Amino acid sequence: MDQTSTLVKHIVEAWTQLQTEQPLVQCITNSVAANYAANVLLAAGASPAMIDNPFEAESFTTISAALSINLGTPTHEQMQAMQISAQTAQRTNTPWVLDPVGYGPVLKWRSDMVDELLQYNPTVIRGNASEISTLAGNQVLSKGVDSTLNSADVYNQAKVLLAHAECIAISGESDFILSKELDAVIQINGGSYLQPKVTATGCALGALIAAYCAVTTPTIATIAAHTHFAIAGKLAFKKAQRMGQFNVAFMDYVHSLNPDLIQQYADIKILEI
Amino acid sequence: MDQTSTLVKHIVEAWTQLQTEQPLVQCITNSVAANYAANVLLAAGASPAMIDNPFEAESFTTISAALSINLGTPTHEQMQAMQISAQTAQRTNTPWVLDPVGYGPVLKWRSDMVDELLQYNPTVIRGNASEISTLAGNQVLSKGVDSTLNSADVYNQAKVLLAHAECIAISGESDFILSKELDAVIQINGGSYLQPKVTATGCALGALIAAYCAVTTPTIATIAAHTHFAIAGKLAFKKAQRMGQFNVAFMDYVHSLNPDLIQQYADIKILEI
Amino acid sequence: MDQTSTLVKHIVEAWTQLQTEQPLVQCITNSVAANYAANVLLAAGASPAMIDNPFEAESFTTISAALSINLGTPTHEQMQAMQISAQTAQRTNTPWVLDPVGYGPVLKWRSDMVDELLQYNPTVIRGNASEISTLAGNQVLSKGVDSTLNSADVYNQAKVLLAHAECIAISGESDFILSKELDAVIQINGGSYLQPKVTATGCALGALIAAYCAVTTPTIATIAAHTHFAIAGKLAFKKAQRMGQFNVAFMDYVHSLNPDLIQQYADIKILEI
Numbered sequence: 001m002d003q004t005s006t007l008v009k010h011i012v013e014a015w016t017q018l019q020t021e022q023p024l025v026q027c028i029t030n031s032v033a034a035n036y037a038a039n040v041l042l043a044a045g046a047s048p049a050m051i052d053n054p055f056e057a058e059s060f061t062t063i064s065a066a067l068s069i070n071l072g073t074p075t076h077e078q079m080q081a082m083q084i085s086a087q088t089a090q091r092t093n094t095p096w097v098l099d100p101v102g103y104g105p106v107l108k109w110r111s112d113m114v115d116e117l118l119q120y121n122p123t124v125i126r127g128n129a130s131e132i133s134t135l136a137g138n139q140v141l142s143k144g145v146d147s148t149l150n151s152a153d154v155y156n157q158a159k160v161l162l163a164h165a166e167c168i169a170i171s172g173e174s175d176f177i178l179s180k181e182l183d184a185v186i187q188i189n190g191g192s193y194l195q196p197k198v199t200a201t202g203c204a205l206g207a208l209i210a211a212y213c214a215v216t217t218p219t220i221a222t223i224a225a226h227t228h229f230a231i232a233g234k235l236a237f238k239k240a241q242r243m244g245q246f247n248v249a250f251m252d253y254v255h256s257l258n259p260d261l262i263q264q265y266a267d268i269k270i271l272e273i
Numbered sequence: 001m002d003q004t005s006t007l008v009k010h011i012v013e014a015w016t017q018l019q020t021e022q023p024l025v026q027c028i029t030n031s032v033a034a035n036y037a038a039n040v041l042l043a044a045g046a047s048p049a050m051i052d053n054p055f056e057a058e059s060f061t062t063i064s065a066a067l068s069i070n071l072g073t074p075t076h077e078q079m080q081a082m083q084i085s086a087q088t089a090q091r092t093n094t095p096w097v098l099d100p101v102g103y104g105p106v107l108k109w110r111s112d113m114v115d116e117l118l119q120y121n122p123t124v125i126r127g128n129a130s131e132i133s134t135l136a137g138n139q140v141l142s143k144g145v146d147s148t149l150n151s152a153d154v155y156n157q158a159k160v161l162l163a164h165a166e167c168i169a170i171s172g173e174s175d176f177i178l179s180k181e182l183d184a185v186i187q188i189n190g191g192s193y194l195q196p197k198v199t200a201t202g203c204a205l206g207a208l209i210a211a212y213c214a215v216t217t218p219t220i221a222t223i224a225a226h227t228h229f230a231i232a233g234k235l236a237f238k239k240a241q242r243m244g245q246f247n248v249a250f251m252d253y254v255h256s257l258n259p260d261l262i263q264q265y266a267d268i269k270i271l272e273i
Numbered sequence: 001m002d003q004t005s006t007l008v009k010h011i012v013e014a015w016t017q018l019q020t021e022q023p024l025v026q027c028i029t030n031s032v033a034a035n036y037a038a039n040v041l042l043a044a045g046a047s048p049a050m051i052d053n054p055f056e057a058e059s060f061t062t063i064s065a066a067l068s069i070n071l072g073t074p075t076h077e078q079m080q081a082m083q084i085s086a087q088t089a090q091r092t093n094t095p096w097v098l099d100p101v102g103y104g105p106v107l108k109w110r111s112d113m114v115d116e117l118l119q120y121n122p123t124v125i126r127g128n129a130s131e132i133s134t135l136a137g138n139q140v141l142s143k144g145v146d147s148t149l150n151s152a153d154v155y156n157q158a159k160v161l162l163a164h165a166e167c168i169a170i171s172g173e174s175d176f177i178l179s180k181e182l183d184a185v186i187q188i189n190g191g192s193y194l195q196p197k198v199t200a201t202g203c204a205l206g207a208l209i210a211a212y213c214a215v216t217t218p219t220i221a222t223i224a225a226h227t228h229f230a231i232a233g234k235l236a237f238k239k240a241q242r243m244g245q246f247n248v249a250f251m252d253y254v255h256s257l258n259p260d261l262i263q264q265y266a267d268i269k270i271l272e273i
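Chains as they are written, first to last, in UniProt numbering: chain H, 1 to 273; chain V, 1 to 273; chain X, 1 to 273.
Hints listed in this document are in silico derivations from the structure and should not be mistaken for laboratory results.
Predicted model, so just to flag it, every value in this text is computed and none were measured.
A couple of the hints might just be wrong.
If chains are identical, the list can't say which one is meant, so a pair holds when it fits in one copy or spans any two.
[Claimed, not checked] Capping the alpha-carbon separation at 25 Å, the derived lysine-lysine pairs in PhoX-like fashion look like this: (1) Lys197 with Lys234; (2) Lys159 with Lys234; (3) Lys269 with Lys108; (4) Lys238 with Lys180; (5) Lys238 with Lys159; (6) Lys239 with Lys159; (7) Lys239 with Lys180; (8) Lys180 with Lys159; (9) Lys180 with Lys234; (10) Lys180 with Lys197; (11) Lys159 with Lys197; (12) Lys9 with Lys108; (13) Lys239 with Lys197.
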């Protein structure tokens, strides 16, 4: 069995485990993604809870199987909750995902918070090419919260971020995942050009990575979540090319993914770092 | 006419009244449910307004026909609004529904607020089996905001809560409604196993109970709202078995319910307490 | 070429320009509309970002091509962000749209803020008939956030508001747009009676006006956004008469509008003021 087939086998196992365990995933996320990310997690097999206040953050992270922190539309109370939950996750060895939405000099308040959250060692950092490149220390002209760079051009820059996390995931036309464990970059193809046209798909992907982290290693979790989305996006686009129907079809396939579809459609390449 | 047929007749009347009056329903709800609950109320015939700040809470509750309070993702400002609006509702005899999302020792901040809100005598308390059981004084291992108990096993425990409210509603595979007025438990069947897979359906149901409370008695309102959802869920599942399409079909049937469908599909049993 | 044909030609040009420029639009909006407005902007061709905290408001407005401010469910932090962003937009000549949701004596906190925001000269003010009439100084019995008046009865009252903005837009069964530039009222027909049944369509329309303002004059932008929605609503209703499917079809047509559809379905009348 070659390395790619082994990865696909692990993805199938992770998906199966997700259905069995239905892990509780705490999401501190933005107002755009809250409903969508919760539905994606439920469709994929996990149990989401959007607990994002500082007064319940510590006790809730303690009972959660994983945590997802997304800085899309932060409030003061959410910011406090993020710090408490990230710290608690580190202390209790709960896997957690950091999604530094809009990281860069224009959005300084959240970017300072992201810098601070790095000390709690996120299990996975995921973002688009602009965010990851800027977080890796490069100067990037971003356009709001959407990327101006290609994921393929950025993954080499992202290596330095492996000092903070087990995996770095860069989403784009192809997704690239840097894995400390494998000492490699995994390229995942699939999806469709319509996917970034549906708001909060990236945010929901971060939450899904967290869900998978509750049932497998960070590397397999990150690859599995991206593959889950890439297949759903590809199949949805076959069925519908307009945004309303594409969105419905995408949720259908996030829900109806299964081992056969994973084996048939997973499109993964292992690259050297 | 037997008791069940009489109830169905009252549900039809309540539904008709809802279309006629289109009552204004104030919802203080969570970030996951805000859009969904508003669409459910509009589809069902009511007029929703998500006014959830403490500075407008009193004046808005005063002009509202009903109030729905949901503690899914509370903020400090929302908590203040909840207190003010609940107090105002009690003072002005405006019916109001309390949905104690996640009630239990892990989520203490909201649970303390729920305890406090009980003094303003909610018209209806609705929740899943774990929440209602815990609120009734039992020790329950909950899993985030989803239930770990069956609704059928809990309704006997819920009797004590009738000290605070006219009706207690427990949603689950079957729904159980304890009515002070009828001195009985009403069991409502329908829906589908996919319904809890769509996030915020419980929260939206709480808002719909409030809407019906604006046009009929608390008991009929609670039964009517649950029947509305049970029929829509059953018919939607006939049409679509995947989450994206199910969600669309569910909203279609919430919208297109009518007296014929109610008479044909209402599945109600009256149990002794 | 008559005046109406000229307008349609300008709408086509504006739509084309929107696809080319994909302008960054900052939205400070409510919890009900956040996801929906973002999807509408993406479907229509723009690039939305829901930056609504006071700490990043100034720097983000500075790089945005347009700004949309909506007072649906304001928080303290959002209110501060609104002031900062409106002031920044005025200073940097960035077009911005004000949507005074629920304006009136019952909702005083937001209404005071709307009065204050007027000093920063919004490019466009849009609302339903009740909101615009009240903002124009009339006493109106509103029902929550929905209108109790007809748009056709109100546009004469709205003239006084042209002291504050380039355009005043009143949505309803027909939409009416007062233009300072044209010294005329533009009536736009289309849509469907189901459109107000989908929550946040008005809020999303405000955001879409802002998007068009980034690529054309305030008058053309306001007419183009209303026409975009009127056509999508009309075509969606042809395809689906229930709320769930209508909502999906509406998003499909917001996404797939094109010059041919604009020329075929635009229904615009120019009235004297």
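Taking the hints in turn, this is what the structure says about them:
Taking identical chains as interchangeable, the C-alpha atoms of Lys197 and Lys234 lie at most 25 Å apart whether they share a chain (14 Å) or sit on different chains (23 Å). In this homomeric assembly, Lys159 and Lys234 never come within 25 Å of each other (Cα to Cα): the closest approach is 28 Å inside a single copy and 51 Å across copies. Taking the shortest alpha-carbon separations for Lys269 and Lys108, neither the intra-copy value of 36 Å nor the inter-copy value of 47 Å comes in at or below 25 Å. In the homo-oligomer, the alpha carbons of Lys238 and Lys180 never lie at most 25 Å apart, since the shortest distance is 35 Å inside one protomer and 47 Å across protomers.
Neither within a single protomer nor between protomers do Lys238 and Lys159 lie at most 25 Å apart by alpha-carbon distance, with minima of 35 Å and 50 Å respectively. Proximity of Lys239 to Lys159 under the C-alpha cut-off of 25 Å is found in neither arrangement, the shortest distances being 37 Å within a copy and 48 Å between copies. Taking the shortest Cα distances, Lys239 and Lys180 never come within 25 Å of each other, neither inside one copy (37 Å) nor across copies (46 Å). In this homomeric assembly, Lys180 and Lys159 come within 25 Å of each other (Cα to Cα) only inside a single copy, at 9 Å, whereas the closest approach across copies is 55 Å.
Taking identical chains as interchangeable, the C-alpha atoms of Lys180 and Lys234 are never at most 25 Å apart, the minima being 28 Å within one chain and 48 Å between chains. Proximity of Lys180 and Lys197 under a CA criterion of 25 Å is satisfied in neither setting, with 31 Å inside one chain copy and 35 Å between copies. In this assembly of identical chains, the alpha carbons of Lys159 and Lys197 never lie at most 25 Å apart, being 28 Å within a copy and 38 Å across copies at closest. In this homomeric assembly, Lys9 and Lys108 never come within 25 Å of each other (Cα to Cα): the closest approach is 42 Å inside a single copy and 42 Å across copies.
Taking CA atoms no more than 25 Å apart as the test, Lys239 paired with Lys197 passes in both settings, with 16 Å inside one copy and 22 Å between copies.
In this structure, the hints that do not hold are numbers 2, 3, 4, 5, 6, 7, 9, 10, 11 and 12, in rising order.
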